[in-house]
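Protein chains in written order, with the numbering used here: chain G, 244 to 777; chain D, 41 to 337; chain Y, 1410 to 1451.
The set of hints was computed from the structure by calculation and includes no laboratory data.
One should not assume that every hint holds.
Residues from chain G that face chain Y, not an exhaustive set, calculated with beta carbons under 8 Å [to be verified]:
#1 A352
#2 L353
#3 I415
#4 I453
In this text the structure is predicted, and so the values were computed from the model without any measurement.
Glycine included, every Cβ here is placed at the ideal spot set by N, Cα and C.
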Amino acid sequence: MANSTTAHAHDDHDHKPHGIKRWLYATNHKDIGTMYLVFACAMFFMGGAMALVIRAELFQPGLQFVDPGFFNSMTTMHALLMIFGAVMPAWTGLANWMVPMQVGAPDMALPRLNNFSFWLLPFAFTLLLLTLFVPGGAPAGGWTLYPPLSLQAGDSFPLTIFAIHLMGISSILGAINVVVTILNMRAPGMGLLNMPLFCWTWLITAYLLIAVMPVLAGAVTMLLTDHFFGTSFFTASGGGDPVMFQHIFWFFGHPEVYILILPAFGVVSEIIPTFARKPLFGYESMVYATASIAFLSFIVWAHHMFTVGMPLAGQLFFMLSTMLIAVPTGVKVFNWCATMWKGSISFETPMLFALAFLFLFTLGGFSGLMLAIVPADFQYHDSYFVVAHFHYVLVPGAVFAIMAGVYYWLPKWSGRMYNEKVGKLHFWLSTIGVNVLFFPQHFLGLAGMPRRIPDYSTQFADWNMVSSIGAFIFGFSQLLFVYVVWNAVRSGEKAPARPWEGAHGLEWELPTPAPYHSWDTPPPRNVITQGAMH
Amino acid sequence: MTKAIRRVPSVLALSAAAFASLSAHAEWGNLNMPVGVTELSKEIHSLHMTIFWWCVAIGVFVFGWMIWSLVAFRKSQGAKPDTTMVHSTKAEIIWTVIPVGILVIMAIPAARTLIAIEDMRGSEISIKATGYQWKWQYEYLGEDVSFFSQLDRQSDEARQLKSGVDPNSVQDYLLNVDNPMVVPEDTKIRMLLTGQDVIHAWWVPAFGMKKDAIPGTINELWFKVDAGKTGIYRGQCAELCGRDHGFMPVVVKVVTKEEYKAWLAAQKAAASPAPAEAPADAPAADAVAALPAAPRG
Amino acid sequence: MAQTPDDAERSRRVRRSAIILGLVAASFYVGFILMSVLGWRQ
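Extracted from the complex, chain G is given alone in its bound form (with noise of 0.2 Å):
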């Protein structure tokens, strides 16, 4: 172990360019990692501030600050950024960062194909970002562009179908070279179920990714051709049909919110047995589950669109079919609640985040499965019950997990520790404004307000204003997070090769930081089985 190690120091002097080129060019797994996961702080708090916008206009009832046109593009623009911007990119950057570290690879697969797909994203965000400043607005008609109104835009409809095009394309690619690297790149000796959970959900989302992500382009490009080339696949005037949007949308639709949240159970997967000091209960039942998980995701789009008026037996098999997700959903949690019983559990950062997933992501699940009933949903649909739901297992959910890898991985990443007190802090006021954001909003849902609106009837004031408080809590609560990230990496303590007493895997035998190349010769096996305890 200790010769490999001196091995990898001297290796990280190798050809590493200097200043804007280093960025531009960059071909190495850890600098597009880094560029990815910027790129989505980013764009976490450009989305964050169009939600402070939304929820500053909803203190109170009556239009205080915004034209209603333009609290639509807000809507509307908060969740294309979010999705696509922020959880997705985040996902990718924690891929490129770890995928090859904990596989035994010097670096991913197609190194400038990855280049391309990074690069691909501030294009695409530029497009979609200058839609805010031409003729009409930027959309206004949800994130989900339902026809007809998506096709009401004005200018800014064809920056946002080709800003969606290059989104696409970005993480087609980038699933490509995750699953071409997990594929092909694990070093000898790491079989597939040696694989350490994070790779393995991060396999079966790049798969969902191929899949679907060509689904929606196709989606847009017929919105496209509504729009400027006279067809009318939507426009029912034209003998077309809006709902068959809605069928193609959601085939999308319901697979990337699973895009969204598996490489979340990824990590939680590892951090729980690492502050638990126990290996994860299940190891095996955990894959099995996450790809039935994605499998269910592919016969279940119709759940967001009970209303739409369907035949009977077609709502009962979504029913039905939804309902089913719950149980390999509950096969994980239950082996996560197992993992932790009889260990030896600490509280360092990463684990107070990943346990609060545990607990709101769990929250968000059963609201799920009451919106799985299709005559509870009738009422449910479209209200605030919807976004309470959502958000809790999308905020919660996904960001929690992100922010958990993040505080789990810095030390090895940048070889120095964060301030824990100030990433406890961080984590009390997110969880405390995440549930103060979000609880009051199934009350509202329950109570009849319908979600979209940029006003209400007096009767929901009240929740209203206590939910705004907690999206501004919770917002400004993210500045701590920059803060603890910059200051660990600026002036950190040292952190020592394996900062986490009970972490295993092949990350932590790189030496801290991980050296430029990850693992120029492969690790020897008896490093991979010790790695992978389970």
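Take the given structure of chain G and dock chains D and Y to it, following the hints.
Just chains D and Y now, kept in the frame of chain G:
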């Protein structure tokens, strides 16, 4: 962390007390789905409560397990990990089979209610509602009665950007229209829904039902308001339909059968002399609106 | 890093699987548009 856990009970007690004092104010109490005034809405409400209590039960178990582990197996209290506990086929089978059982138990009543919801037979009155940007048109099929229904003037003035009007001073702010739809109690009403320009959705929470109004398609739903539940029921468009999506309420006035007959007769009488002249946004509550489609807002 | 026969074989495999995955993605794109053109409801 230890301190935080010890503090939990007192925090809970405090917030419960705070909550109790707040709920004296009526609106803080709007926490749950209304029971509604139709048989379907009651069935839906009871399904909602059943699945909610199942979730609570599962939640007590799962969260209890998590909290137990977090308290009992703290490293700071000297817990030693049992690293041999990595797999148990028996446990995996148990926590796969039990959830499947719970889901089956839930699916059966849900399917039964769903079948009732989809059963349109035996309706006595058919009303076609067409969604426009941003108002509703109601046509009483076979009765030659038709009118538009849009946000009332008072709300409309108050909802302008920086209007300076306090929404609290407006009666039923954003939930009031010029011409409400009128239906009799204790009668099975079939709604036919479609959209003129974009997709809208017709929703009255007290009736338990919501359905999309889609251009080129006609959707159906039915409701039957219980006898004795006359009154005004309010809802809103529930599908994003553009700039004024938040400002196209659905208001249904439920009256006795006799009142309904009288209302219908008055509508017909008012409609016959000058069918095309009446303005679409007539402020009078029971005025009849013109038949031709108004231009898009 | 000198190219060994193993590396050459591996880069062939990498390229082949990347191209296959790319084709899968492209066929999903074309497939869904075709399906809509032909009308999946008949």
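For this session: For the hint on G:A352, just tell me whether its beta-carbon gets within less than 8 Å of chain Y.
Result: 5 Å, holds
Problem set entry | Interface hint outcome for G:L353 [beta carbon to chain Y under 8 Å] | With a minimum Cβ separation of about 6 Å from chain Y (threshold 8 Å), the hint on G:L353 holds.
Exercise. Does G:I415 pass the interface hint, meaning its C-beta sits closer than 8 Å to a C-beta of chain Y?
Worked result: 5 Å, holds
Exercise. Was the hint right that G:I453 lines chain Y, CB cutoff 8 Å?
Worked result: 5 Å, holds
Consistency note: the structure conflicts with none of the earlier hints.
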